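Student: Got chain A; can you put chains B and C on it based on the hints?
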Amino acid sequence: MSAPINFTFNGSTYSGEVGQSIAAALISQDQRVLRTTRFDEAPRSIFCGIGICFDCVVVVNGIANQRSCLVEITEGAVIVSKQ
Amino acid sequence: MQNPDAIVIGAGIVGACSALSLTNAGLRVLVVDRGSVASGTTGAGEGNILVSDKDPGPELTLALRSRDLWFDLQDDVGDSFELEAKGGVVVARSDDSALMTLADSQRMHGVTAQRVDSHELHSLEPYLHPDLHSGVFYPQDAQCQPMLAAAHILRTVIARGGAVISHAQVKKILSHDGVLHSISTTQGDFRAPIVINAAGTWAGEIAALAGSHLPIAPRKGFILVTEPTQHYIFHKVYDSDYVANVASSDADLQTSTVVEGTRSGTILIGASRERIGFDGSMNYDIVRTLAAQATSLFPVLRDVNLLRVYRGFRPYAPDHLPVVGEDAEIKGLWHSAGHEGAGIGLAPGSAELITQLITGKTTFMDPAAFAPARFARVSI
Amino acid sequence: MILVIGGGPAGLAAAVAIARNGQEVTILDSAPRAGGQYWRHRTRVDGYKSEKSAMYLQEVAQNPLIHFISGANVWSASRVKDRFAINYLVSGNELTITAQKLILATGAFDRSLPFAGWELPGVMTPGAAQSLLKGHGVLAGRRVIVAGTGPFLLPVATGIAAAGGTVVGLYEAQSPLRWALSPVALLLNPSKFAELLYYAKQVRKYRIRIQFGKGVTAFDTHSAVVSRLSSDLEVVAGSEEKIECDVVAVGWGFTPDVTLGGILGCAQKVDLDGTVIFNVDQNQRSSQKDIWIAGEATGIGGSDLALVEGEIAGLDCVGIGISPSLAFRKIRKTLFARALQKSYPVGNGWKKWSRNTTKICRCEEVSLQDIADSVTDLGAFDSRTAKLFTRAGMGLCQGRICSRNVSEIVAGLQGCQVSDNERIGYSNRPIATPISLGELSDGKSTK
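Protein chains in written order, with the working numbering: chain A, 1233 to 1315; chain B, 52 to 431; chain C, 765 to 1211.
If you're looking for bench data, these hints aren't it; they were derived computationally from the structure.
Predicted, not measured: the structure shown is a model, and the values here were computed from it.
Mixed in with the good hints, there may be bad ones.
Below, a list of computed lysine to aspartate or glutamate pairs in the EDC-like style, where the Cα atoms sit at most 20 Å apart [what the hints assert, rightly or not]:
1. A:K1314 with A:D1272
2. C:K1106 with C:D1037
3. C:K1116 with C:E1005
4. A:K1314 with B:D336
5. C:K1115 with C:D1134
6. C:K978 with C:E1008
7. C:K1033 with C:E1129
8. C:K845 with B:D336
9. C:K1106 with C:D1035
10. A:K1314 with C:E1129
11. B:K382 with B:D370
12. A:K1314 with B:E380
Negatives, chain B to chain A, calculated, CB over 12 Å [to be verified]:
13. Q125
14. D126
15. S156
16. V167
17. P190
18. V230
19. G316
20. F329
21. D354
Yeah, the Cβ is synthetic: ideal placement off N, Cα and C, and Gly gets one too.
Just chain A, with the same shape it has in the complex (with noise of 0.2 Å):
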């Protein structure tokens, strides 16, 4: 079993396994709402899973429109909804 990954999501700390999605780390550790929308600030989470609707988007080391439900975990990424 490999040392957990440490990463950073709106200025928490979260940990999550080797090759975990971003998504699923924080869901993991019941972290669900992923982002807000941009016309209706309405709260959105994981929805397809696969890389498809784009729901999940973050912004991953400055990055924006990242899917969180493909990128991968890396130790000290700073994630972040919006910009």
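Tutor: Positioned in the frame of chain A, the structure of chains B and C alone reads:
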């Protein structure tokens, strides 16, 4: 609608504006389209309402009047199509003399054109490449959402007693002794003393149905649309190549840089011009060229993702001027077409002009340059 | 050079068939690991008949003739003279690969229908629940409802239960008696009975409550409304019950991804279930020379059919004849696929599950009311005009989730049917995946 006073063929922006203008002049107007509202070039437009890209001459005169009429339209129809006096910034990539010469002559014909130096340029557009140092600001350039505009304008036409029939393809245009009689469509026959051919890129086909000749051809263009981003671009921004390309007749591909942000947060990137008929196929090389042009103006765009590409066919007359006026041979048949890439901008002005001609009022400008007669075939 | 795009059952079967006949083949897949949606597992493969998938995955990993490029997202493709240029992204960087022969096996994604509250965190597709569990070792929620229609709901529910999660209920909209409509298909596919028995045992073991003729018609973060549904998916008035849950994993069959084949000009048609698929001959050849298509994109049919089609495409690609037994296996599996479609239809009743404020286009937050207004006020006649007026379908997913629903809503309001051309129109797009303007700028022209 039985016995309308006028029929407009085409429910795009030119047809919609024509229909409203005639309706406001007291006529009962029927609009027919083989598709539905904005299913032609209007549905592929950016919504440009520009004075900056026009040389002094009849088209510029039309554009200036039309631009102001857009704001009257908003008062009349309502603020429902995202009309915005955004302003345009034309950037000179290297030698700016041609641009400045143009700006000087435009200024003498009613265009507000402010030279901007490097500091002013980067105040207007902070994300512009730092090496760009000269340009012209055109505060009169404006923007709208053309499909919403066409739809809301037609809604107003209907509210004021007009009618719109979709999926009505015109099959025949009948005239007797050089006088228009009626049209026959897939949704019925309609008789009216006035028919306006506002069929855009297909206006030549409509004219041919009446036995008339209108050499309108398609000039293909692509538009790139990015993902929604934070606001990087505050005006319509172009490089000065845009001006040269619009006026050119070259068949080969021409590209210039046009970049602007939208309310929804996406960025639109153009522009390409090709005369390859109605070949709508994708061209990834053009996509790359447009992307490269845009990122050379705005390096920050390098990290922004392209989401989709769409294309349209601008209606193009050989002399690059729109066709607005009565048919040379058939009385009662009018044309308002061939506006090329300026259809949105020129639509209300064209509508006012054609309404003045039809109702016998004084025209706001001399319409001679737009006369359909200039294409009439000489009979032997 | 032979290129297979898609590393699920169809793509793997094609690649293995090619390699076993001595030729090299490259597989491009968008995921970090091979297997596609069906077999993408992080560690050990479990579930029904897992040895088959293990065999394919092992061969791909070990056969030196098979090259697997993972994490590759194709954004465009073109034919340049006698070969294909495939442009793809790995970690955002653009690369190009050329091939003389192409096998497309890009699979499908869950079909979603809107209902009140479907935008809320906690609602997801069965595929998402499956991916979280099998791909990332995470339970989607504490109290999960699995709902919708189709046999895929079974492995999703039993998977969650086997991993220690609570499946509050499995609500299948259709009656299992519908299978009686396809007796020949069932008789010709006896292996399916064994599969059914396997899941029946799992359901009993984990005490999963299955109810038929019901579906989730609303969600409220902490509970879902489950209603009785007619076979047309209309809510039976007064039958609504509130069930506590934190996750609803709901799906209505699958939508094939036809983007790449469409970009390359392969002819498409509309299948009986309203999905857009490719025309292929019995050897999986598309309308374009040197392009074969296998798997869900030729008709939703599940992994068994995908394996057969993949094998046929691979063999035909290297000039090997198809044996009568393989051809017959395809017939049997195709019959079963047809039976699947007949057993799990999706009727029009779903249109009434949404409130006026429910977002039909999730990306651009376009509500049912917005779409209705675009029809009644602005004269929208099809999904394209509704899109131009409301922005529905213009967001990040480019209409993959909502286009069909918008189309059918508009047609319903206009009192007409969605034409085949419209279905094909909304299923295609020239940019297959987002690509940065920087990568585009730096890329080379094809000339």
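Student: Indicate, hint by hint, whether the structure satisfies it.
Tutor: For each hint, the structure was consulted:
1. A C-alpha spacing of about 14 Å is found between K1314 (chain A) and D1272 (chain A), which places the hinted pair at or below 20 Å, so the restraint holds.
2. Annotation: proposed proximity of K1106 (chain C) to D1037 (chain C) holds, straight-line Cα distance about 9 Å (limit 20 Å).
3. Proposed proximity of K1116 (chain C) and E1005 (chain C) is supported: the alpha carbons are some 17 Å apart, at most 20 Å.
4. Between K1314 (chain A) and D336 (chain B) the CA atoms are separated by roughly 33 Å; this puts the pair beyond 20 Å, and the hint is violated.
5. Note on K1115 (chain C) and D1134 (chain C): the hinted pairing holds, with a Cα-Cα distance of about 14 Å set against a maximum of 20 Å.
6. A threshold of 20 Å between alpha carbons decides the hint, and for K978 (chain C) with E1008 (chain C) the separation of about 16 Å falls inside it, so the pair holds.
7. A threshold of 20 Å between alpha carbons decides the hint, and for K1033 (chain C) with E1129 (chain C) the separation of about 30 Å lies outside it, so the pair is violated.
8. Distance hint between K845 (chain C) and D336 (chain B) is fulfilled; the C-alpha atoms sit about 16 Å from each other, no more than 20 Å.
9. A hinted pair counts as satisfied when its Cα atoms are at most 20 Å apart, and K1106 (chain C) with D1035 (chain C) qualifies at roughly 12 Å.
10. Between K1314 (chain A) and E1129 (chain C) the alpha-carbon distance is near 17 Å, which keeps this suggested pair within the 20 Å criterion.
11. Straight-line distance between C-alpha atoms of K382 (chain B) and D370 (chain B) comes to about 24 Å, which puts the hinted pair past the 20 Å bound.
12. As the CA atoms of K1314 (chain A) and E380 (chain B) are separated by approximately 63 Å, the hinted pair breaks the 20 Å bound.
13. Remark: the non-interface label on Q125 (chain B) is consistent with the geometry, its nearest Cβ contact in chain A lying 23 Å away (cut-off 12 Å).
14. Non-interface status of D126 (chain B) relative to chain A is upheld: no Cβ of that chain comes within 12 Å, the nearest being about 27 Å off.
15. Every beta carbon of chain A lies more than 12 Å from that of S156 (chain B), the smallest distance being close to 43 Å; the non-interface claim holds.
16. Remark: the non-interface label on V167 (chain B) is consistent with the geometry, its nearest Cβ contact in chain A lying 29 Å away (cut-off 12 Å).
17. Non-interface call for P190 (chain B) relative to chain A: holds, since the shortest CB-CB distance, roughly 29 Å, exceeds 12 Å.
18. Remark: the non-interface label on V230 (chain B) is consistent with the geometry, its nearest Cβ contact in chain A lying 54 Å away (cut-off 12 Å).
19. For G316 (chain B), the requirement that its beta carbon stay farther than 12 Å from each beta carbon of chain A is not met, with the minimum near 7 Å.
20. Listed as a non-interface residue, F329 (chain B) keeps its Cβ farther than 12 Å from every Cβ of chain A; the least gap is roughly 32 Å.
21. D354 (chain B), annotated as away from the interface, has a beta carbon of chain A within 12 Å; the closest lies near 7 Å.
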